[in-house]
Amino acid sequence: MLAASLLALAVAAPASAAGTWSAAAALNTAPNKDASTPTVATDATGTSTAVWVRSLDDSVGSAIVEVATRPAGGAWSAPQTLSTGTDQTASLPRVSAAADGTVAIIWLQSGIKDDPSAWATVRRPGQAWDEPTRLSAPEADEPQIAIRPDGRVIALWSIDWAEGTAVESASTRAGGGWNRTEALTEPGTWGSFPSLAVGADGTAVAAWVDYDDATGQPTANTAILPAGETTWDPEQTVSDPAEYGTFPAVTVADGTPTVVWQERTDNPRYARNQLFTSDLVAGEWTEAVALTAYDEQANHQDAVLTTDAAGNQTVAWLWTAYSGNPTAGEAATVDTMQVATRAAGTKTWSAPLSVATEPPNATLRHVALATRADGSSVLGWAGYVDAAKRNKLIRVAVREGFAGAWSEPATLSGPGGTSSSQMSWDIGLAAGPKELTAVWHANATSGLIGVQASTWVPAPPVVVEPEPTATPEPTPATPLPTVVPTATPGPPTPGTTVTPAPAKRTPIRLTARWAKGRLALSLTGLTKTSKLQVKVPGRTAALKATGTKITVAARYAKTGRKLTVRVTDASGRYVATRTVRVPRR
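For the sequence shown, the positions run -17 to -1, 1 to 568 when mature numbering (1 follows the signal peptide of the UniProt record, and there is no 0) is used.
Rather than coming from a laboratory, the hints here were simulated on the basis of the structure. It is possible that some hints are incorrect.
Said to hold, decoys possible - Computed Cβ-Cβ distance ranges for the label pairs, DEER-style:
1) P217 / G160: 42 to 48 angstroms
2) A442 / A61: 26 to 32 angstroms
3) A225 / P121: 22 to 28 angstroms
4) P132 / A265: 20 to 26 angstroms
Here a beta-carbon is modelled for each residue, glycine too, at the ideal position from N, C-alpha and C.
Generate coordinates for the entire structure from the input sequences, incorporating the hints supplied.
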């Protein structure tokens, strides 16, 4: 598949280049104790906060919440304990970071005789962590947390009621402390699998699965917390009640909430799902749009949804293609990570793009996606990449810019990676202003579990320093003639000065050729003051500079297509252009 992208190269200025992932760093400093279920968030300064649960390995099975931080370009701090109590068991931590540096963490915590309750703590910029606050009654589950631009924190969770399962929320007050808990669902309903997102304007959207008590049919339901408000609007059903709508994910772009969910197809033997999406316009959800094609032999699931600062949206999911009855060994299954995008201000989603396809009969799980303000994203997944289910790996792919191409998948763990082969299904991702962060947990050589992290750092900028253009030396001026005085002296005859010849300008030339499936472009005649942009439709490109010559190489999967290469100066004015055809193989 040929993916269009834009490559911008500025002479004598930084140019984009591929980044690299660091070796895995161990975050928990007590390797003799189990640590698991890590997650991470990064604020606008680039500071990352990772949180996880560590078992105390005592007689009652206690577990505590630990947190570590890392400034941009720095090292991870020693862990700090957030939850306390040797008779308490913590689980399922979640973390959110705001642009101003506010960080909020929510988790579940239970005692020896108590079911789990939702607990939370907040750290304001320059301050210590607040004392943890219990937000819910016992029997809470699936906690979520987000932060509004004004610093107010919103928490969400599901909880068992006598009449069913509810979705509840709480938020912080402007002066500190938490407001009273609010139920988003009606008694007698069964709400579960909640998700939460907050937009740049402060609008919050929650979504969950609601099971009909009479029929057992699930629907994707939502509620909106308008910007500046503290009370949620009544819940709405977004999916078709006649269909099997589950696992919604949400985001907010320019104040408009968007939800994506999955619905079962009509395959009579197996559960197959198709993805749908809808936007909230004027208080009503628009008609559902199919994000993936109907296919009884394919399963689209585990969708995640993000928005960048400009309002561009990216959705990622796991696509599993079947043929026959895979459980009976009739055919192989193929797991593929796919994405679709929608530019800000538009209504149409792109066709699904396959980012990575694992070998047949691999088993992938836990799709994760993080997007930073400029649209750059990191997509992660975990799973067995061999049919024998021996090696579970943590894999990631990076897209630089919203319109950029996805990188080849990188393995952060397992054989050939940076840690042991036994990984968790969990992977946490965060996108900072420049760096990307991934966290997971893995078995150490002793057999116990440790939390690990890796950071993607952009490659150093490619700076081209062209050789200076030679400037001719000026011709010496003719000496002034001698003035001979007369009886009536007059003004001297002025001397004759020769103006230096103008500096010669080397013309900028663009050539193109094909070599081993790559398009090689050469620019010659550049000077120090040249600030040019090379626009090449295609995938990622490699840059090579030699003196005043720059070579741009781009690989294409399709052939027989004309490509126009255009060179402009910094203001966009035409300098050179050339049209070439991709040769057929």
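Results for each hint:
1. P217 / G160: 42 to 48 angstroms: violated, 26 angstroms
2. A442 / A61: 26 to 32 angstroms: Cβ of A442 to Cβ of A61: about 30 angstroms, so the range 26 to 32 angstroms holds.
3. A225 / P121: 22 to 28 angstroms: Cβ of A225 to Cβ of P121: about 36 angstroms, so the range 22 to 28 angstroms is violated.
4. P132 / A265: 20 to 26 angstroms: For A265 against P132, whose Cβ atoms are near 23 angstroms apart, the range 20 to 26 angstroms holds.
Checked against the numbered hints listed earlier, the structure breaks hints 1 and 3; every other hint is satisfied.
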